[in-house]
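> Protein sequences appear in the order of chains A and B.
Take the first sequence: its position 106, counted from the start at 1, is 361 in the working numbering, and no numbers get skipped.
Take the second sequence: its position 237, counted from the start at 1, is 492 in the working numbering, and no numbers get skipped.
Keep in mind that the hints are not guaranteed to be accurate.
[Claimed, not checked] Simulated restraints on C-beta separations:
no. : chain 1 : residue 1 : chain 2 : residue 2 : range
1   : A       : E384      : B       : K461      : 15 to 25 Å
2   : A       : K278      : B       : H459      : 26 to 36 Å
3   : A       : E401      : B       : S301      : 45 to 55 Å
4   : A       : K278      : B       : K260      : 46 to 56 Å
5   : A       : E384      : B       : D413      : 12 to 22 Å
6   : A       : K385      : B       : F503      : 37 to 47 Å
7   : B       : K364      : A       : D377      : 33 to 43 Å
8   : A       : K510      : B       : I429      : 50 to 60 Å
9   : A       : E384      : B       : P381      : 25 to 35 Å
10  : B       : H459      : A       : D484      : 51 to 61 Å
11  : A       : K261      : B       : G531      : 48 to 58 Å
12  : A       : R504      : B       : P381      : 55 to 65 Å
13  : B       : S532      : A       : K260      : 45 to 55 Å
14  : A       : P297      : B       : I429      : 47 to 57 Å
Just so you know, these hints were derived from the structure itself, not from any lab.
All of these numbers come straight from a predicted model, not from anything done at the bench.
No residue lacks a Cβ here, since even glycine has one placed at the ideal position from N, Cα and C.
2 protein chains.
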Amino acid sequence: MTDKKKLLVIALGGNALLDSKSKGTIEEREAAAADTAEQLIPLFNSTVYDVILTHGNGPQVGNLLIQQEEGSSKVPPMPLDVCVAETQGEIGYILQKAIQNAFEKHNIKKSTIAMLTQVLVDEKDPAFEKPSKPVGPYYSADQTREILKIKNWKFKEDPAGKGFRRVVASPKPIKVIQTQIISDLTKDGYIVISVGGGGIPVYHDKNNDIAGVEAVIDKDLASAQLAIDLKADKFVILTNVEQCYINFRQPNEIKLTDLNLDEATTYYDQGHFTAGSMGPKVQSVIEFVSATGNHAIITHITKLVDSLEGKAGTLIHL
Amino acid sequence: MTDKKKLLVIALGGNALLDSKSKGTIEEREAAAADTAEQLIPLFNSTVYDVILTHGNGPQVGNLLIQQEEGSSKVPPMPLDVCVAETQGEIGYILQKAIQNAFEKHNIKKSTIAMLTQVLVDEKDPAFEKPSKPVGPYYSADQTREILKIKNWKFKEDPAGKGFRRVVASPKPIKVIQTQIISDLTKDGYIVISVGGGGIPVYHDKNNDIAGVEAVIDKDLASAQLAIDLKADKFVILTNVEQCYINFRQPNEIKLTDLNLDEATTYYDQGHFTAGSMGPKVQSVIEFVSATGNHAIITHITKLVDSLEGKAGTLIHL
Numbered sequence: 256m257t258d259k260k261k262l263l264v265i266a267l268g269g270n271a272l273l274d275s276k277s278k279g280t281i282e283e284r285e286a287a288a289a290d291t292a293e294q295l296i297p298l299f300n301s302t303v304y305d306v307i308l309t310h311g312n313g314p315q316v317g318n319l320l321i322q323q324e325e326g327s328s329k330v331p332p333m334p335l336d337v338c339v340a341e342t343q344g345e346i347g348y349i350l351q352k353a354i355q356n357a358f359e360k361h362n363i364k365k366s367t368i369a370m371l372t373q374v375l376v377d378e379k380d381p382a383f384e385k386p387s388k389p390v391g392p393y394y395s396a397d398q399t400r401e402i403l404k405i406k407n408w409k410f411k412e413d414p415a416g417k418g419f420r421r422v423v424a425s426p427k428p429i430k431v432i433q434t435q436i437i438s439d440l441t442k443d444g445y446i447v448i449s450v451g452g453g454g455i456p457v458y459h460d461k462n463n464d465i466a467g468v469e470a471v472i473d474k475d476l477a478s479a480q481l482a483i484d485l486k487a488d489k490f491v492i493l494t495n496v497e498q499c500y501i502n503f504r505q506p507n508e509i510k511l512t513d514l515n516l517d518e519a520t521t522y523y524d525q526g527h528f529t530a531g532s533m534g535p536k537v538q539s540v541i542e543f544v545s546a547t548g549n550h551a552i553i554t555h556i557t558k559l560v561d562s563l564e565g566k567a568g569t570l571i572h573l
Numbered sequence: 256m257t258d259k260k261k262l263l264v265i266a267l268g269g270n271a272l273l274d275s276k277s278k279g280t281i282e283e284r285e286a287a288a289a290d291t292a293e294q295l296i297p298l299f300n301s302t303v304y305d306v307i308l309t310h311g312n313g314p315q316v317g318n319l320l321i322q323q324e325e326g327s328s329k330v331p332p333m334p335l336d337v338c339v340a341e342t343q344g345e346i347g348y349i350l351q352k353a354i355q356n357a358f359e360k361h362n363i364k365k366s367t368i369a370m371l372t373q374v375l376v377d378e379k380d381p382a383f384e385k386p387s388k389p390v391g392p393y394y395s396a397d398q399t400r401e402i403l404k405i406k407n408w409k410f411k412e413d414p415a416g417k418g419f420r421r422v423v424a425s426p427k428p429i430k431v432i433q434t435q436i437i438s439d440l441t442k443d444g445y446i447v448i449s450v451g452g453g454g455i456p457v458y459h460d461k462n463n464d465i466a467g468v469e470a471v472i473d474k475d476l477a478s479a480q481l482a483i484d485l486k487a488d489k490f491v492i493l494t495n496v497e498q499c500y501i502n503f504r505q506p507n508e509i510k511l512t513d514l515n516l517d518e519a520t521t522y523y524d525q526g527h528f529t530a531g532s533m534g535p536k537v538q539s540v541i542e543f544v545s546a547t548g549n550h551a552i553i554t555h556i557t558k559l560v561d562s563l564e565g566k567a568g569t570l571i572h573l
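When you get a sec, could you build the whole thing from the sequences and use the hints?
Put into structure tokens, the structure is as follows:
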């Protein structure tokens with residue numbers, strides 16, 4: 256089957272699936288997913304684009320880690336790679352269902368598939384030397400001492416004094432293991448939901464087996480890697496602001512509507528984009544644009560269609 | 256792409272993924288999955304069969320429900336449909352990884368895909384009137400009274416006096432929503448892992464939207480429905496015994512090696528097969544054989560290859 260459409264990879268932010276201010280009830284999650292599906296309808300209906308969706312899992316994996324910790328005297332907790340897989344199940348299902356219902360409502364004859372996705376990392380990635388990404392619940396100093404007797408975890412004290420949190424490595428994604436099938440299914444007309452939570456982190460162990468690793472992969476970097484390997488025509492990161500800024504929330508704040516690669520790199524190097532927030536998003540689009548020469552956009556989901564028409568968002572190009 | 260192979264649907268029992276006597280640590284799960292993948296190699300290598308895998312989730316969803324309950328003061332628990340989705344993530348990933356590694360070891364050039372799978376049920380299914388399937392942790396009488404103030408759950412007292420357990424409906428599967436894509440991917444040469452835990456239970460709500468429902472679907476019945484709709488050439492249920500018996504564990508116990516539909520139905524109606532165990536397996540193969548006229552097998556994974564050659568297991572036919 257040949258396919259002449261342009262390929263568009265869209266990375267959905269956590270807030271597209273669960274507002275960070277909400278508690279995370281099923282009603283809140285389903286409402287957020289339904290909103291997101293509705294906003295994406297113009298693209299699902301598009302004759303111009305084939306769309307691939309990826310998504311984050313921050314609040315969801317946080318909740319799961321708390322549940323695991325609370326139940327740990329009765330049930331063996333799973334390692335972080337398995338937890339990411341669980342959230343791919345949870346979020347993939349909720350998002351898929353919302354999209355199916357939006358298709359039905361708008362009489363769109365398409366199907367979605369939500370697939371488990373592994374992402375390869377390098378066990379020698381320097382990130383494993385300096386775990387920095389906080390995950391899961393807060394612990395007291397006493398609790399961390401107890402945990403360290405049985406587990407090889409690292410902890411970091413919360414600057415606001417809420418206690419200690421486990422920190423894990425956030426290694427660089429090398430390859431989305433399921434890239435080929437994502438491509439095949441997209442060409443066949445399916446809307447594929449994949450790379451949930453940045454993907455299940457795996458590496459090649461000493462027997463060259465695929466093995467899980469306790470880490471989290473940035474979902475924007477993993478999505479960029481997928482977009483690069485698929486030579487996507489466009490890569491869009493949806494987040495909670497309509498565009499990027501320099502001097503964000505300062506008197507000399509400037510909205511960025513159009514950036515070439517040099518400008519984006521300069522602002523990134525100058526530290527205008529927060530680590531763990533806009534930073535990895537800008538890094539991801541820089542990697543995509545450098546590798547493919549194609550356009551990338553950072554915007555809010557409500558501005559997605561306008562952004563694709565050049566009327567909103569931050570466009571990053573060569 | 257045309258495909259002349261025979262289609263074989265294999266339903267893996269929970270014990271193929273997690274021994275019911277184990278605690279459910281990740282090491283136990285990965286070892287069980289690796290064993291299962293190794294046992295399936297002759298079929299993945301087969302020039303005769305295309306293989307589709309389905310699997311249970313009993314112990315895994317039980318553990319997840321305990322974790323959710325223990326964490327419920329801090330994190331909103333998810334409804335049962337979402338929990339099934341989470342276990343599809345967890346088990347699908349572990350099984351997929353084991354199969355990838357077995358492919359690599361045996362130099363098999365195939366890929367697996369683990370997909371989230373919804374299964375349609377009827378909200379008017381009589382099972383919803385009489386919830387009977389126990390799920391999740393044991394509660395005291397006091398705890399059940401507290402829960403009933405806020406939730407519309409049903410409880411049943413454990414006959415062995417361990418307390419009360421929530422009981423949910425186990426409605427009949429009508430259709431695996433992802434049937435078409437499972438078929439497409441299998442024809443394209445992928446090993447598809449789907450219908451985990453009997454599938455995520457969904458129904459058409461009053462707006463005709465797909466909505467989740469708090470129920471569990473028997474994984475053998477759901478797998479049989481998939482096999483029927485795909486007109487599979489053979490349907491195999493793998494379990495913890497090598498074949499079915501009548502008068503099981505009694506002095507007049509008889510091994511069943513070959514049953515026609517009439518015999519199977521008669522023994523089933525006579526109550527030879529335990530509810531919640533061999534009962535639904537025999538019911539599932541009866542449904543498959545009646546609908547398709549093709550052969551079904553119930554056996555242990557170690558006898559799978561022999562069973563396909565007619566040397567082991569219980570064969571059920573017209």
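> Is 12 to 22 Å a correct range for the gap between the Cβ atoms of A/E384 and B/D413?
Violated: the Cβ-Cβ distance is about 50 Å, outside 12 to 22 Å.
> Could you tell me whether the CB distance from B/H459 to A/D484 stays inside 51 to 61 Å?
violated, 38 Å
> With respect to the beta-carbon atoms only, verify the hint that A/E401 and B/S301 lie 45 to 55 Å apart.
holds, 51 Å
> Lying within 33 to 43 Å: is that true of the beta-carbon distance B/K364 to A/D377?
Hint violated: Cβ distance 24 Å, outside 33 to 43 Å.
> Would you say the C-beta atoms of A/K278 and B/K260 sit inside 46 to 56 Å of each other?
Given about 50 Å between the Cβ atoms, the range holds.
> Regarding A/R504 and B/P381, is the given constraint of 55 to 65 Å on their beta-carbon distance met?
holds, 59 Å
> I want to verify a distance hint. Is the separation of the beta carbons of A/K261 and B/G531 within 48 to 58 Å?
At roughly 52 Å between Cβ atoms, B/G531 and A/K261 fall inside 48 to 58 Å, so the hint holds.
> For the hint 47 to 57 Å, verify it against the beta carbon of A/P297 and that of B/I429.
This hint is violated: roughly 33 Å between Cβ atoms.
> Could you check the hint for me, namely that A/E384 and B/K461 are 15 to 25 Å apart, CB to CB?
violated, 56 Å
> If I claimed the Cβ atoms of A/K385 and B/F503 lie 37 to 47 Å apart, would that claim hold in this structure?
violated, 58 Å
> Is the gap between the beta carbons of A/K510 and B/I429 within 50 to 60 Å?
At 52 Å between Cβs, range holds.
> Could you tell me whether the CB distance from A/E384 to B/P381 stays inside 25 to 35 Å?
Given about 60 Å between the Cβ atoms, the range is violated.
Comparing the model with each numbered hint stated earlier shows that hints 1, 5, 6, 7, 9, 10 and 14 do not hold.
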